[in-house]
Structure formats: C-alpha cells, structure tokens
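Novice: Could you build the full structure based on these sequences and the hints that come with them?
Chains G and E, in that order, are what the protein sequence lines are. Using the numbering used here, the first residue of the first sequence is number 2, and each one after it goes up by one. Using the numbering used here, the first residue of the second sequence is number 4, and each one after it goes up by one.
To be clear, the hints were calculated from the coordinates, so they are not data collected in a lab. Any given hint could turn out to be false.
[As the list claims (entries may be wrong)] Derived pair list, reagent style SDA-like, types lysine to any residue, alpha-carbon separation capped at 25 Å:
id, chain 1, residue 1, chain 2, residue 2
1, E, LYS225, E, THR253
2, G, LYS47, E, LYS277
3, G, LYS38, E, GLU222
4, E, LYS63, G, PRO11
5, E, LYS5, G, ALA13
6, G, LYS41, E, MET260
7, E, LYS162, E, LYS244
8, G, LYS62, G, VAL33
9, G, LYS81, E, GLU185
10, E, LYS289, E, PRO174
11, E, LYS88, G, ALA13
12, G, LYS81, G, ALA13
13, G, LYS41, G, PRO79
14, G, LYS47, E, CYS21
15, E, LYS5, G, VAL33
16, G, LYS23, E, GLU12
17, G, LYS47, E, PRO65
18, G, LYS80, E, LEU19
19, E, LYS244, E, LYS155
20, E, LYS5, G, ILE56
21, G, LYS62, E, ILE8
22, E, LYS155, E, LYS277
23, G, LYS7, E, ILE87
24, E, LYS255, G, ASN58
25, E, LYS192, G, ILE44
26, G, LYS41, E, THR7
27, G, LYS23, E, PRO56
28, G, LYS23, E, LYS192
29, G, LYS62, E, SER158
30, G, LYS62, E, THR268
Take a look at the letters that make up each chain.
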Amino acid sequence: MFKTNKDMPPCAMSLADMSHNKTGSWRTFKPVLDENKCIKCFICWKFCPENSIDIENDMPKINYDYCKGCGICSNECPKKCIEMVEE
Amino acid sequence: MKLTIPGEELMGHGNLSCQGCGGSLAMRYALKALGRDTIAVIPACCWSIIDGPFPYSCLKIPVFHTAFETAASAASGVSAAMKIKGKKTTVLAWAGDGGTFDIGIQALSGAAERGDNIIYICYDNEAYMNTGIQRSSATPYGAWTTTTPAKKFKSAPKKNMVEIMVAHKIPYTATACIAYPEDFIKKIKKAKGFQGTKYIQVLAPCPTGWRYDPAKTIELSKMAVESGIYPLYEVENGIYKISRKAKNKTVKEYIKMQGRFSHLTGEVIDEMQKNVDKEWELLIRKEEFYGHTKE
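Specialist: This is the structure in structure tokens:
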C-alpha cells in the first residue's frame, strides 16, 4: 500500500472498512418480508440502524449478513408485513 | 419510488452498535445530510467504539478520534486547517451527552464563543452508556442508572444544554429526534448554511441503558416528542421556532415503556408531568415573544 516513506500518512489512519464483521451472527430473531403485502413505502429502509435493508428492483431486501435482528423494521412496518421468525 | 431522505449511504456495514441503537441511526442520518465532503471529530463516546477497532472504520468519511473533553476544540483546529488549505469541507464534531453536557462543555463553550466554523451534534442517550450506564447531567429526573440505583434515583433535573448554547448567541441551535429523520436532516442542512458554531442535539434512545425492547426505539422516540419531554425546536439567530407542536401523550405513557423508570410511584410521575407542562408552556411563550420581536 505504501511504497515509500513519503506515502506514509502523518498520523494513524484506517486501512479498511468493517465489512468483515458479519454482525448477522448476533441475531436471535430474523425479519422475513412478505413481498406480496409490501406497499413499498421504505419505512423499514429508513429506520434500519445498520442500513442492512437495501433497495433492489424497487423492493426492500434484507441483508442477512449484517442484520442484527433488532426488530425495528417489523415494529414500524405500517402493513405489518415483516415477521420476526426465530432462527 | 420516492424516498423522503437522501439515498446515499456513508455508513458502512458491520458497525459495533447494540441492536436497535439510536446513536448509529442518528449518524446514518447525519452523514446522509452532510455528504461525502465532511470530516468527523469523535471524542470518547459510544461512537468511538461503534466505528470499529484500529485500523478499521465503518464510516466512509475521514474520522478523527480524540480525547473525551476535546471534541469542540479538536474540531476548531480541523476547521482552522481547512481554512488555511482553502477547502470548504464541513467539520462535524460528534459527541455523546457525557462529552457535551459534562466533560466537553468548556471546550464547546470556548468554540461557541470564538465562533469557530463547526457543526456540533450531540447524540443524547441520557447517560454514560458506553462505560456501563452511569448518570450524566443529561439523565432525566427519576431515572435509574448504575450510579443512581432505583432506591435513590436521580433527584436532579436534566441540564438544559440547548438553552446554554442559545445563551452563547450562536447562529443556529436545534433539537431533533431520530424518529423524525426528515426534520433532523433538514436541520443539519440548514446548519450547514450558517457561518460559525452550530449546535444540534438529537435524542438517541439506548435499548441497553433505558431497559426496553430494541424494536421499540422509534416508537419510544416518537413518544418522547409527542409527550413534550423532548420538544423539537430550533433557534435561528435568537428566533425560536417549534418544529412539532403536537403534545398529545402523557409522561406516564412514555415512562411506562422503559425499565429505567419502573420504580417510580404515582406522585413522582405527577410531579414530572407538571414540570414537563411548565417547560412546554415556557417554550410556547418564548416562541411567541421572539416571533413578536422579529416583526
């Protein structure tokens, strides 16, 4: 990464992001989305503290690698179409 | 598809926050509002852990970790360096309530008095959550913490930090809540437009310290605003403006959701309700008074 001394940063700097840390393993309950009932309001996307709900093809998609299973999406869904299922 | 908040994510995956963390949600919104051209200064607080251990960082912007009391002074320095370099990078000081209300108050007061060009956001979870739920001066009256056990619950009221910052005559001061991200993002964008020190205090409930189900984070935050315990307002050059006028919930409804208030009896709750009503009345009067002087 650093070829010469001049390339070195003057202070400690981060070298990578945290994506190696798969926080999905913390989960006890898993949110499962019923795509037929979903009205695409994206409230679940808006309130996810881990930003582990992505928008794919105009539909929320839960990223189970990083979802910690807090259940905010299930609690806030106006149509109650996200169910918390025990792992 | 219509999103009410910006779609760009500057907070990466795999952060170390607890389940249902209000603080990590607050950071996600703040970065959405500020964009990529931002430097964050983070003192010791939950976020110095959530960001990740060295050499990792889950944020996609430069982060400067610093000592507990120095959030505002370090941000002043970064801001001065940006000025010398001729850059227009936003400098964000991001501290918890302990680093703002107690330990960092002198640095913040100094920066505010000098008028250094920074945005200071305090995510308020009402105790020292990172070190194990000790009381801070942001802990509300009646609350349980490990240093104010249920038999001798906190007997002092919460420090009104927003009014302290208003008293510094800074251009922009506001309160926000993670349950209203549109309002929070609007306030940050507004703060970015001012020259000088800007202070925003955002309520970020902590499921671990407040003793409630993580799924209720947003529900509880909404309740805090609707009961008038955490009123949303902004003070722009001395002019008060209440962002959300609805006050249709009682203190009892708010506190019965949380384990940290489970020891309270009816009399104490009535007293808390009275105090909240009084503060709310005062805020409305302030809005009327300063609105009147504007004309």
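Novice: Each hint: holds or not?
Specialist: To see whether the hints hold, each was checked on the structure:
1. E:LYS225 - E:THR253: 12 Å, holds
2. G:LYS47 - E:LYS277: Distance ~35 Å between LYS47 of chain G and LYS277 of chain E Cα, so the pair is violated.
3. G:LYS38 - E:GLU222: Measuring from Cα to Cα gives roughly 22 Å; hence the hint holds.
4. E:LYS63 - G:PRO11: 19 Å, holds
5. E:LYS5 - G:ALA13: The hint is violated at about 41 Å.
6. G:LYS41 - E:MET260: Violated, because 29 Å separates the two Cα atoms, which is more than 25 Å.
7. E:LYS162 - E:LYS244: 21 Å, holds
8. G:LYS62 - G:VAL33: Holds: LYS62 of chain G and VAL33 of chain G sit about 10 Å apart, inside 25 Å.
9. G:LYS81 - E:GLU185: Within the cut-off at roughly 22 Å; holds.
10. E:LYS289 - E:PRO174: Judged against 25 Å, a Cα distance of about 17 Å means the pair holds.
11. E:LYS88 - G:ALA13: 21 Å, holds
12. G:LYS81 - G:ALA13: Measuring from Cα to Cα gives roughly 46 Å; hence the hint is violated.
13. G:LYS41 - G:PRO79: Measuring from Cα to Cα gives roughly 10 Å; hence the hint holds.
14. G:LYS47 - E:CYS21: 18 Å, holds
15. E:LYS5 - G:VAL33: 23 Å, holds
16. G:LYS23 - E:GLU12: Holds, at about 18 Å.
17. G:LYS47 - E:PRO65: With Cα atoms ~24 Å apart, LYS47 of chain G and PRO65 of chain E stay inside 25 Å; holds.
18. G:LYS80 - E:LEU19: 30 Å, violated
19. E:LYS244 - E:LYS155: Distance of about 37 Å is beyond 25 Å: violated.
20. E:LYS5 - G:ILE56: Holds, at about 12 Å.
21. G:LYS62 - E:ILE8: Status holds; Cα separation ~18 Å.
22. E:LYS155 - E:LYS277: The given pair, whose Cα atoms are some 21 Å apart, holds under the 25 Å limit.
23. G:LYS7 - E:ILE87: 22 Å, holds
24. E:LYS255 - G:ASN58: 43 Å, violated
25. E:LYS192 - G:ILE44: 21 Å, holds
26. G:LYS41 - E:THR7: 13 Å, holds
27. G:LYS23 - E:PRO56: With Cα atoms ~15 Å apart, LYS23 of chain G and PRO56 of chain E stay inside 25 Å; holds.
28. G:LYS23 - E:LYS192: With Cα atoms ~32 Å apart, LYS23 of chain G and LYS192 of chain E exceed 25 Å; violated.
29. G:LYS62 - E:SER158: Roughly 46 Å separates the two Cα atoms, so the pair is violated.
30. G:LYS62 - E:THR268: At roughly 45 Å apart (the allowed maximum being 25 Å), THR268 of chain E and LYS62 of chain G break the hint.
Checked against the numbered hints listed earlier, the structure breaks hints 2, 5, 6, 12, 18, 19, 24, 28, 29, 30; every other hint is satisfied.
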